[in-house]
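Chain residues, written in single-letter form:
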Amino acid sequence: MSIKSIVSGLFGAEGAQAKDVSSRQTAKERLAFIIVHDRIDIGPGKMDLMRRDIIEVLKKYFEINESQMELRLESEEGSMALLATIPINSVLDKNDKTARSGCSFQR
Amino acid sequence: MAPRVIVVTSGKGGVGKTTATANIAAALAILGNKVVAIDGDVGLRNLDVVMGLENRIVYTLVDALEGHCRLNQALIKDKRVENLFMIPTAQSKTKDAVTYDQMVHVCSELRKEFDFVLIDSPAGIEAGFRNAAAGVDEALVITTPEVSAVRDADRIIGLLESMEKSPIFLIVNRIRPHMVKKGDMLDVADVLDILQIALIGMVPDDENVVKSANEGRPLTLSDDSQAGVAFRNIAARMTGGDIPFMNLDIPRKGLLARIKDAFAGGR
Chain A
0 MSIKSIVSGL
10 FGAEGAQAKD
20 VSSRQTAKER
30 LAFIIVHDRI
40 DIGPGKMDLM
50 RRDIIEVLKK
60 YFEINESQME
70 LRLESEEGSM
80 ALLATIPINS
90 VLDKNDKTAR
100 SGCSFQR
Chain B
0 MAPRVIVVTS
10 GKGGVGKTTA
20 TANIAAALAI
30 LGNKVVAIDG
40 DVGLRNLDVV
50 MGLENRIVYT
60 LVDALEGHCR
70 LNQALIKDKR
80 VENLFMIPTA
90 QSKTKDAVTY
100 DQMVHVCSEL
110 RKEFDFVLID
120 SPAGIEAGFR
130 NAAAGVDEAL
140 VITTPEVSAV
150 RDADRIIGLL
160 ESMEKSPIFL
170 IVNRIRPHMV
180 KKGDMLDVAD
190 VLDILQIALI
200 GMVPDDENVV
210 KSANEGRPLT
220 LSDDSQAGVA
230 FRNIAARMTG
240 GDIPFMNLDI
250 PRKGLLARIK
260 DAFAGGR
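Line by line, the protein sequences are chains A and B. End of the first sequence = 106 in numbering that gives the first Met the number 0, gap-free, step of one. End of the second sequence = 266 in numbering that gives the first Met the number 0, gap-free, step of one.
Since the hints were made in silico from the structure, they are not lab data. One or more hints might be untrue.
[Unchecked claim] Heads up, simulated BS3-like pairs for lysine-lysine below, C-alpha to C-alpha not over 27 Å straight-line: (1) 94(B) <-> 27(A); (2) 45(A) <-> 33(B); (3) 180(B) <-> 94(B); (4) 11(B) <-> 27(A); (5) 164(B) <-> 210(B); (6) 27(A) <-> 45(A); (7) 210(B) <-> 78(B); (8) 164(B) <-> 180(B); (9) 111(B) <-> 33(B); (10) 164(B) <-> 33(B); (11) 27(A) <-> 33(B).
Produce the entire structure from the sequences given, and follow the hints as far as they go.
Dropping the structure here:
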């Protein structure tokens, strides 16, 4: 046994406080994710396909930052929601091919 | 009081369905109810040994269904407590030996005689579970504070809801307060957050459960072990008792105790 563990035992700095994230917290987050997918019967693979489809649609209207796009299912009080965070670089305007944000791009 | 027919189930195996069935059945009988516990796990029967009634089996549920005896000949009376009965199942048959309709019929027959009919369901979500749940109104779902057990409990709750069972109550079994305190185990609030159903009991992990199964004597029949008290509380809540939940928090230790623990490499 190390001196450190004796000292931390003395001061009660055990477990949750000592570690950055407790395994309990990890378990809870993993479970929330797993169960939300179990309930609507859509696995991570299908989510990926959907994400690609959504990107295809959005690309017609926006220039988006795909790498920072976030798509996830959440459940609260028994109801479920699909939450998406999609950073938009600029809006595509079919008449005016310059972006409103001012940055130009090619399409 | 209208008879209550309840399945004890979990999805995942090994979380304590049979232990819960035996202990709650005995506790309900002690409270003055006429109770029968049925082993619903055809081919892997265990309720008989956990209750310590294995030497008294003459006929089984399957014998009754196949017409080799009357249903009440398969009933074993527990001599340790008034009004407690058990119906064993067959060990040498498979799940196909019992059908959905037969279980509905058995439950409706037993309703006439008993205040409580508890059915110990097999693990899984297949025919065995569906048969066990066929003739019941209510369900007790058992889980432990582990990711796999909670996930399976969620699945089974969904199935019970689709079968229109109500109410469905949750029992969180095998809680280790020291691990919860250290952040190494889900606590009951975490499990409820995930599963979103009503809690009827929390049972601490208790070595006495193993001992009682060794001896074939449900804890609720006698001793004051923590698990025994927890199961008795569940039975009391099932019959309308307003029993506060057991406090499973570890009291914060004084400095001296912590010094001792630290040098013992303790928790």
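Evaluation of the provided hints:
no. : hint              : result
1   : 94(B) <-> 27(A)   : 35 Å, violated
2   : 45(A) <-> 33(B)   : 51 Å, violated
3   : 180(B) <-> 94(B)  : 42 Å, violated
4   : 11(B) <-> 27(A)   : 18 Å, holds
5   : 164(B) <-> 210(B) : 34 Å, violated
6   : 27(A) <-> 45(A)   : 23 Å, holds
7   : 210(B) <-> 78(B)  : 20 Å, holds
8   : 164(B) <-> 180(B) : 35 Å, violated
9   : 111(B) <-> 33(B)  : 11 Å, holds
10  : 164(B) <-> 33(B)  : 22 Å, holds
11  : 27(A) <-> 33(B)   : 40 Å, violated
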